[in-house]
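Participant: So the chains spell out like this:
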Amino acid sequence: MTHLNSNWVLLTIFLFFNLSFTSYSQKNANDAPLQKAPDFTLKDLSGKEVSMNEYKEKFLVIHIATTWCPFCNAEAPYLQALYEKYQSENVEVLIIDVKEPESLVKSKLQNKYNFTFPVLLDSDGNVAASFAPENVLPDLARDEVMLASNLIVDPEGNIQFMSLLDSKNFDAKLISLQKRLNELLQEN
Amino acid sequence: MSFFRKTSLLVILLVITCSNFQDNDWVHFQKFILTPTENPDTLVLYFTIDQGFHIQSDQPEDDLMIPTELYLQETNTLSFGRPIFPEPEYFYVGNFKTQVFSNELIVKVPLIHSGKLNQNSIFGTIKYQPCNSQKCFFPRELSFKINL
Numbered sequence: 001m002t003h004l005n006s007n008w009v010l011l012t013i014f015l016f017f018n019l020s021f022t023s024y025s026q027k028n029a030n031d032a033p034l035q036k037a038p039d040f041t042l043k044d045l046s047g048k049e050v051s052m053n054e055y056k057e058k059f060l061v062i063h064i065a066t067t068w069c070p071f072c073n074a075e076a077p078y079l080q081a082l083y084e085k086y087q088s089e090n091v092e093v094l095i096i097d098v099k100e101p102e103s104l105v106k107s108k109l110q111n112k113y114n115f116t117f118p119v120l121l122d123s124d125g126n127v128a129a130s131f132a133p134e135n136v137l138p139d140l141a142r143d144e145v146m147l148a149s150n151l152i153v154d155p156e157g158n159i160q161f162m163s164l165l166d167s168k169n170f171d172a173k174l175i176s177l178q179k180r181l182n183e184l185l186q187e188n
Numbered sequence: 001m002s003f004f005r006k007t008s009l010l011v012i013l014l015v016i017t018c019s020n021f022q023d024n025d026w027v028h029f030q031k032f033i034l035t036p037t038e039n040p041d042t043l044v045l046y047f048t049i050d051q052g053f054h055i056q057s058d059q060p061e062d063d064l065m066i067p068t069e070l071y072l073q074e075t076n077t078l079s080f081g082r083p084i085f086p087e088p089e090y091f092y093v094g095n096f097k098t099q100v101f102s103n104e105l106i107v108k109v110p111l112i113h114s115g116k117l118n119q120n121s122i123f124g125t126i127k128y129q130p131c132n133s134q135k136c137f138f139p140r141e142l143s144f145k146i147n148l
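Read top to bottom, the protein sequences are chains E and H.
Counting from 1, position 39 in the first sequence corresponds to residue 39 in full-length UniProt numbering; the numbering is continuous, with no gaps.
Counting from 1, position 41 in the second sequence corresponds to residue 41 in full-length UniProt numbering; the numbering is continuous, with no gaps.
No lab work stands behind these hints, which were simulated from the structure alone.
Please note: incorrect hints may appear among the correct ones.
Stated by the list, open to error - Listed next, the in silico DSBU-like pairs over lysine-lysine satisfying Cα-Cα at most 30 Å (straight line):
{"no.": "1", "chain 1": "H", "residue 1": "K97", "chain 2": "E", "residue 2": "K168"}
{"no.": "2", "chain 1": "H", "residue 1": "K127", "chain 2": "H", "residue 2": "K31"}
{"no.": "3", "chain 1": "E", "residue 1": "K106", "chain 2": "E", "residue 2": "K173"}
{"no.": "4", "chain 1": "H", "residue 1": "K108", "chain 2": "H", "residue 2": "K31"}
{"no.": "5", "chain 1": "E", "residue 1": "K48", "chain 2": "E", "residue 2": "K168"}
{"no.": "6", "chain 1": "H", "residue 1": "K97", "chain 2": "E", "residue 2": "K106"}
{"no.": "7", "chain 1": "E", "residue 1": "K168", "chain 2": "H", "residue 2": "K127"}
{"no.": "8", "chain 1": "E", "residue 1": "K106", "chain 2": "H", "residue 2": "K127"}
{"no.": "9", "chain 1": "E", "residue 1": "K112", "chain 2": "H", "residue 2": "K97"}
{"no.": "10", "chain 1": "H", "residue 1": "K127", "chain 2": "E", "residue 2": "K108"}
Go ahead and model the full structure; you've got the sequences and the hints to work with.
Facilitator: Structure representation (structure tokens):
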């Protein structure tokens, strides 16, 4: 192979690799297929076990949070407002707090925002991790990927919205989520 | 196309390729300065924070936030005063306001030693909680070594 040809081969390989990588990342960010929400059972702040099965035939909004996450704190009042607004329309709301002790979550999250929906404790992060789409942010720990994410699970248990994939900008007022929720409620 | 042009293009493509891969540590130790040069009494540490990311300040107004903390390993002959962090900037998350550091972080640390500074190295750790414009990440630690 001549020197000239080898340079062109290298160039082609680099271009192919970069275009493939970009297209792969975009595909995973925007076109993730509809997936089933994983089953889980977690304790709430009163020690009561709450499982995904209890939300069959309901729309469920899940927010994955930590007390120190500014995005989660910014959303918190809007999440409570959303619950109050949609409560009568077969919509439930849950917060899954990741890897924090009960006392901290009670004092810094529950007592501050007075949620009237359950706050669940995912003490080892396994449940949060189980929601993380494969290949999205592959270099991060799976439970970390989901921090500050919002999801809508439909009555059949399908994930119909994930802010990680559906929102390009931070959306404290949950506008994108509410838009999707309204669509789903109308379709139903 | 000349050989020089082709090689330059290959180098550019290689850089683009490498930049596609992200690491999980968004704070990096760059350098240090001892000041003044003779009988130094201050250690100045320079860190960089990756573009698009920020870390919580050392004294966040809201006690929910995890502050940035710097630790330096003391010895029998060298100890350190309280690190002096720069003024933070405000970052707004909806109606929620946080104080953060971004881009370059310069921390000044008073040195406490008697006589001449006769140490070869200092080991340090910076603990920080990073976020970007869309989400936050678990707190991280960066360990570094200063060769005096």
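Participant: Next step is simple, just say for each hint if it's right about the structure.
Facilitator: Okay, the hints, checked on the actual structure:
1. H/K97 <-> E/K168: Answer holds: H/K97 to E/K168 is near 21 Å, not above 30 Å.
2. H/K127 <-> H/K31: holds, 17 Å
3. E/K106 <-> E/K173: This hinted pair holds, its Cα atoms lying about 23 Å apart.
4. H/K108 <-> H/K31: The given pair, whose Cα atoms are some 12 Å apart, holds under the 30 Å limit.
5. E/K48 <-> E/K168: violated, 36 Å
6. H/K97 <-> E/K106: Within the cut-off at roughly 22 Å; holds.
7. E/K168 <-> H/K127: holds, 29 Å
8. E/K106 <-> H/K127: holds, 25 Å
9. E/K112 <-> H/K97: Holds, because 16 Å separates the two Cα atoms, which is no more than 30 Å.
10. H/K127 <-> E/K108: holds, 21 Å
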